[in-house]
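> Single-letter residue listing:
2 protein chains.
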Amino acid sequence: MVKVERLLVNYKTLEEFKKFKEYGLQELSMLEDLQANIIENDSDSPFYGIYYGDKLVARMSLYRIDKKFDQYFEPKQDYLELWKLEVLPEYQRKGYGKALVDFAKSFGLPIKTNPRVKSAGFWEKMGFQPVKYDVERDRGENPLVWYPEGVKEQQN
Amino acid sequence: MVKVERLLVNYKTLEEFKKFKEYGLQELSMLEDLQANIIENDSDSPFYGIYYGDKLVARMSLYRIDKKFDQYFEPKQDYLELWKLEVLPEYQRKGYGKALVDFAKSFGLPIKTNPRVKSAGFWEKMGFQPVKYDVERDRGENPLVWYPEGVKEQQN
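Protein sequences, first through last, are from chains A and B.
If you want the working numbering, it's the position in the first sequence, counting the first as 1, plus 238.
If you want the working numbering, it's the position in the second sequence, counting the first as 1, plus 238.
Hints were generated in silico from the structure; no laboratory data involved.
Take the hints with a grain of salt, since some may be wrong.
Which copy is meant is left open, because identical chains are indistinguishable; a pair holds if it fits in one copy or across any two.
For lysine-lysine, the following DSSO-like pairs were computed, each having C-alpha atoms within a straight-line distance of at most 27 Å [claimed, not checked]: (1) LYS356 / LYS250; (2) LYS293 / LYS390; (3) LYS332 / LYS370; (4) LYS336 / LYS259; (5) LYS336 / LYS257; (6) LYS256 / LYS356; (7) LYS370 / LYS305; (8) LYS370 / LYS257; (9) LYS356 / LYS293; (10) LYS305 / LYS241; (11) LYS370 / LYS256; (12) LYS390 / LYS259; (13) LYS250 / LYS370; (14) LYS306 / LYS336.
If we strip away everything but chain A, and leave its shape as in the complex, we get:
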C-alpha cells in the first residue's frame, strides 16, 4: 500500500530533492525562502511524494491554475498543472509514478503536464493525450492532458 503525502518544506526535504534530476530554480528558491525565514520550517510545499521508510523516492509538483487562465479545457475551468514527476532510478517499476498520478486525478480536475520527451509511453498508459499544438500557447512544449468525464479539448 503506497501512501502519497504532501511534502513539508524543511532542510531534510530540500536535501532529498537534490537526488532528483529535475532539481532547479524552484528548489533553490524554496531553500532561500527557508533560510531567510520568508517561509516557515515545515510549511506545506507544492510537492507531493512517496517515502520508502525514511527516504523520499518519488515526487511531483502540483499547482492549481485558475479558470481564467485555462487555455486547454472545454468547458473552461480550474485545472491542475503537474510537473517534476520523478521516481528515483532504483525505485522505478513499482507503481510509484502511477500512485502519484492517481493521486493527482483524485481531485477530479483536468490535468496538464509537459513531460520529458522519453516518457510518452508512461503518460499514455495513464490516460493522457497530446493536445493540438498551438505555438503561442505551447511554445516548445509537448503538453499532455488528462480529461475527467465531461471535459474535452478547448477549441481556439
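Please build the complex by placing chain B on the supplied structure of chain A, with the hints as guidance.
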C-alpha cells in the same frame, strides 16, 4: 565563418529535425500542416539553424512575445523566447551554439530561455542570468534571461 539561416518548412528539414533530441509536438504539427497543405512547402519556419555542407547540425526556435505578455523585463517590451537550442553531438564545441545565441541577440531584444538543467555553464558564458523564481509565472521552469543595455528585471 558560420552562417545562421532561417529554416524552411519542407520534408528535408523535417527529416533532419528527427536527429535532434528535442523533437516533439511542434515538429509533428509542422509535418501535419505540410502534409495537409495548411502551410506551403518552403514556408519560413520559427527555426534558425546552421548547415555543415548540406547537413543541418545546429538549430533553435525563436519566437517574438508581445509586450503585453511581458512578465520578465523592465521596461515592459517585446522580447524573444528561445527554445530547442541544440547542436548535434559530433558538432559541439565548435562555436555553433554561440553563433545561434549571438544571432538571437542581434535583434536587440531581451531574450528568455528555459534550458535543460545540464546546460547552465553554457548560458552563463553567453551572459544569461537566472530570474527570481515566481511559481505562478515560472511553474517548474528554470528561466534564464539576457538583458540588452538599459533593460532590467521586472519587479512583481
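> Determine for every hint whether it applies to the structure shown.
Now the hints, each set against the structure:
1. LYS356 / LYS250: So LYS356 and LYS250 pass the 27 Å test across copies only (24 Å; inside, 30 Å).
2. LYS293 / LYS390: neither (38 Å within a copy, 41 Å between copies)
3. LYS332 / LYS370: Result: close neither inside a copy nor across copies, 32 Å intra and 36 Å inter.
4. LYS336 / LYS259: both (19 Å within a copy, 26 Å between copies)
5. LYS336 / LYS257: within (20 Å within a copy, 31 Å between copies)
6. LYS256 / LYS356: both (21 Å within a copy, 14 Å between copies)
7. LYS370 / LYS305: both (20 Å within a copy, 25 Å between copies)
8. LYS370 / LYS257: between (34 Å within a copy, 23 Å between copies)
9. LYS356 / LYS293: both (26 Å within a copy, 25 Å between copies)
10. LYS305 / LYS241: neither (29 Å within a copy, 45 Å between copies)
11. LYS370 / LYS256: between (34 Å within a copy, 20 Å between copies)
12. LYS390 / LYS259: Classified as neither: same-chain Cα gap 33 Å, cross-chain 30 Å, threshold 27 Å.
13. LYS250 / LYS370: Between copies only: 23 Å across, 41 Å inside.
14. LYS306 / LYS336: neither (29 Å within a copy, 39 Å between copies)
Hint compliance for this structure: hints 2, 3, 10, 12 and 14 are broken, all remaining hints hold.
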